[in-house]
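Now for the letters of each chain:
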Amino acid sequence: MAMRLDTFALMAIGLFAGMLVGALPGFTTLMAMAILLPISFFLDPIVGIPFLLGIYKGGIFGGSIPAILVSMPGTGAAIATSIDGYKLTQKGQSRKALDIALFSSVIGDTASDVFTILMIFPIALLVMQFGPPELFSVLLLSLVIIVVTAGKNPIKGLIMMFAGLWLAQIGTDPIGGVERFTFGLFDLKSGIPLLPMLIGLFALPEIVYALMRSGEVQSLAKLVGARLTLSEFRRCLPTIRRSTIIGAGIGIIPGLGQVVAAMMGYSAAKNASTHPETFGEGEIEGVAAAEAANNAVNGPTLVPLLTLGIPGDNVTAILLGAFVAQGLRPGPQLFDEQGSTVFAILIAMVIANLMFVIIGYLTIPIFARIVTIKTSLLIPLVILFAFAGAYVFRSDAVDLLMLVGFGAIGLLARAARFEIMPLVMGFILGGPLEYALGQTVAMAGTEPLKFLFTERLGMLFVLLATPVVGGLLWKRMQSVSA
Amino acid sequence: MRRMLSRLSAQAWLVGTLFVISSSALLFTNALIAKPKVLFGRSLSPIEPTLFPSIILTLLVLLCTIYLFTNRNRLLESSTSRNYASAFKTIRFFIILVVYAVTMIPFGFLISSAVAMSSIALIAGNRSLVQIFALSIISPITIYLVATRGLAVSLPELSPIEFAYAWILDR
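Residue numbers (our numbering), protein chains in the order written: chain A, 1 to 482; chain B, 1001 to 1171.
Calculated directly from the structure, the hints in this document are not laboratory data.
Hints are not guaranteed to be accurate.
To be verified - Here chain B is said to cover these stretches of chain A; the calculated rule only asks that three of the stretch's residues, wherever they fall, bring their Cβ under 8 Å from a Cβ of chain B:
| # | segment |
| --- | --- |
| 1 | 152–164 |
| 2 | 171–185 |
| 3 | 379–393 |
| 4 | 404–413 |
For every residue, glycine included, the Cβ atom is placed at its ideal position computed from N, Cα and C.
Take these sequences, add in the hints, and give me the full structure.
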């Protein structure tokens, strides 16, 4: 099923587009995915989802190109890469730095994809035993973890999460079918559409920031020096292995993502090294550590998304939008109803890595030149894609105004240093959370406490979560006050 | 009052707006949420439709109040820390976006996109008329053809332009 020619073709296009956008300083993978998301709606799930995964994988690697060549990370995930990558460029070894970035990215990505395939089905089997009380508890726990891990101040995260939960209330009540906060407007009856919201919140603020930087002159990027040798590659293998394990572990926890993984992978490599003094001075192991770790996050982030319907980060929130638009609702029932499609998508991820190494190896010289392309040409094009994409989803002009409105909210939140992630998570999980609560109340009848304590696993999850979440919150509060 | 409003920081605007919206929504919850459907005297819903929104809004109002109170010293910012040129550029950009969104239906995708793209290119600092012209004409036409012919979805268009395209493509 995954071996379709159109799947390969669209994955290759996705990888190319991801690398292209990642290579442009100021343009992120997230923005590329948000803008190209509508294209996936017109494709089969087995073609559309791998297309987006290609953008994701390509974009994370693409971000390392400007990080290495001009010390301007194309994505947040490439910040750790720029530490040693740019030093290598200054030493005249940019080609070597990009080669090790590509190979460590592919190895980290492939190993984590295999790990994902091996663990996703047993987890899905366990999750299929869940009823509404367990689902409610897990959704609640996920929201709390996302708030705690998003930014230094948990109150900011909580405010955004509750704002998202409230936005999810607009429309028709999922249990009783009554209208809420619609002001009698027909366009709000089905709620706020996810796509204009995602494009507005994620893409428009990025565009505004790119617009602010559009006058800056970038130095010409050059691809120089010898290629990576086999002995250098072998020397990096233990570092790649360590970073892959770190990245895969972090990827499975909602809310952490590539930036944390890359930094942790880099620090672990430095601590484990026999020559830590060379880190930060142009050490290829430093580039390998960061790149393997940030790409190893890609696969495992799909585990909470596919098994529970909980997006682990911004990118998987966009993937969730793609799944929903395709009529596939991530969660326990997805494996029961569409198990073969899920398996095909996971296999496509592994195949994408083989294409990734070929496309990356051949196109590095092209993308190295793209780093200096004029943003004044790209910004209008991105806006055009954003508006066309937001419109074609429902052919409703109101969606365009929502796109601009959410863009303004995203920009204001970014200026105020409030994370967008809890808002999006609150919005996505608000409906399922209320539905699970309603079902739990209906099941519990007149004795809710007895029901929860004696008959269900739900309370167990809440009890398990309390010390973990309480400890995390306490630690976070301490660091804020310090 | 006007001077104070102009000095409000981004976080004051964001949390203040959320506070006003959430407290108003909480106050008028019963008016903004329809009554639950009833069958033979029993509600069809296990929980009241107002229950979940009321919990969320109450917590949101509380959190906004705590945030505004604990950060009261940081809600105003000095005029020297402001970048008026960037703010002006951002406002112009958003005005173009609103105009683009509003004009897409009456003027069609091609015309509104061409105008919006050339305006944004100018704001972004592009001064090459050839580049702006090429960008604002070629790219909307390409997207239009890909969407309508390749993906078989409609984009808003003026009737004469639609007829012209149909005539060209049918020949």
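Hints versus structure:
no., hint, in the structure
1, 152–164, "holds (count 6)"
2, 171–185, "holds (count 9)"
3, 379–393, "holds (count 10)"
4, 404–413, "holds (count 6)"
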